[in-house]
Amino acid sequence: MFTVDIQIQQPYAASTAFNLQASFALAPGQCLGIMGASGSGKTTLLHSIAGLLMPSSGVIRSGDHLWFDHKQAIQLPPWQRPVGLVFQDGRLFPHMSVEQNLRYGMPAGMARIVLPEVVDVLAIQPLLKRKPSQLSGGEKQRVAIGRALLRQPSVLLMDEPLSGLDDQLKQQVLPYIKQVIATFGLPTLYVSHVGDEVAEVADEVLTLAQGVLRQVVD
Amino acid sequence: MWSLSPVEIDIVLLSLKVAACCVLVLLLPAIAMAWLLARKQFWGHAVVDALVHLPMVLPPVVLGYMLLVLLGRRGWIGSWLYEQFHIQLTFHWWGAVIASAVMAFPLMVRAIRQALMQVNPLLEQAAQTLGATPIKTFFSITLPLSYHGVLTGGILAFSRSLGEFGATITFAGNLEGETRTLPLAIYSLTQSPEGDAAALRLVILSVLVSVFALLASQWLERRLLRSQR
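Same order as they appear, the protein sequences are chains L and X. Throughout the first sequence, residue numbering follows my numbering, covering 94 to 311 in sequence. Throughout the second sequence, residue numbering follows my numbering, covering 46 to 274 in sequence.
Be a bit skeptical, because a hint or two may be false.
[Claimed, not checked] Estimated spans, in silico, between C-beta atoms of each pair:
no., chain 1, residue 1, chain 2, residue 2, range
1, L, P200, X, P166, 39 to 49 Å
2, L, A120, X, Q263, 56 to 66 Å
3, X, R84, L, S229, 27 to 37 Å
4, L, D296, X, P74, 34 to 44 Å
5, X, A95, L, D213, 26 to 36 Å
Calculated directly from the structure, the hints in this document are not laboratory data. These numbers come from a predicted model, not from an experiment. The beta carbon of each residue, even a glycine, is placed where N, CA and C say it ideally should be.
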């Protein structure tokens, strides 16, 4: 079980202090969707889980492992947290081939999620030798998802992975995302400002507004 | 007329050796300083920045004299080096390397710093979420993406070293076969009444060596660029 119970306070400016409270638990194979307008704190929440930002208080726990505990002053750096974070813009490394990108986060030794399976599920075999500059937007996101999976994450975090794509490409990539969630059984947090997209992927959808998560659909 | 004498070959080889060692000596400190100035904010940042750039505005002879005071046989550090390890930098080709390295340091730092500033920090962030420590992130993402700055800095340092005169003659001396690089040899020849023709040959040689170095670096840059596409 992956559990998050955090408060984030960021005083961007005296007049626009940002407060966010998030509390939820994710079982293996469960996909929780979070919907919210731009600036509602969706990305901040995912970055806090990944260790790129520090919450003000609370606890983040993956099974028996504490990633963050404000009271015990535990704060694992991002490279020690097994998360698969898929960014809005893919963020593939431009100087590496697709295969090198995929292998970048792979830990040495035995792996539960292996390269051939990821390549197969995401249908990216023909892209392996290409550079990111030679990929379409949809292909880039499929590679970014594959790269995040090969990190052997305890939780998969998807930060508006389709936001940079047109409708046609979205419809092409969406089945791959559903397939990934079904195949690898990872607890997944899917964040987007598009309600239909979240509803199609997630088992449960929460909305994030005024810094509070509220349940809308079961 | 165009075959080189053994003395001329020695001068060219010494100049190339000093320039190449200058680049090698500078590589790590220049990358570290460029990263520090590009990525870190700390108290005294502006002072460090100014000190790094000082050799660009100070007369080379002044720097040569400062090196002499610091690293000369009776200098603050130089006397200790001699007493402890019998290392003497003055009148030694390593002295010429140090003199040109001090002059070339700001050029190399500037080039690398500008390249580092162009690397998207979000890519470094992505690498860290993929398990890369800050050191792995630097060597696998930041440095490869700023290679052109390292290359440009290396070329600038190499060229600066090939042309270095004032600091070298003041600190390392003008010793034939040891510290007499191309500019110093040209200067020495212009001081003798029959040296004009020989000086002209060395001037032409200097131009050819510099042009060759620039063409080689451009070829290398094109190759690197092609491999990254």
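| query | Is the distance from the Cβ of A120(L) to the Cβ of Q263(X) consistent with 56 to 66 Å? | reply | Because 58 Å falls inside the window, the suggested range holds.
| query | Does the Cβ pair D296(L), P74(X) satisfy 34 to 44 Å? | reply | violated, 55 Å
| request: Can you let me know if the beta-carbon spacing of R84(X) and S229(L) is within 27 to 37 Å? | output: holds, 33 Å
| query | Do the Cβ positions of P200(L) and P166(X) conform to the proposed distance bound of 39 to 49 Å? | reply | violated, 24 Å
| Regarding A95(X) and D213(L), is the given constraint of 26 to 36 Å on their beta-carbon distance met? | violated, 57 Å
Hint violations for this structure: numbers 1, 4 and 5, all remaining hints satisfied.
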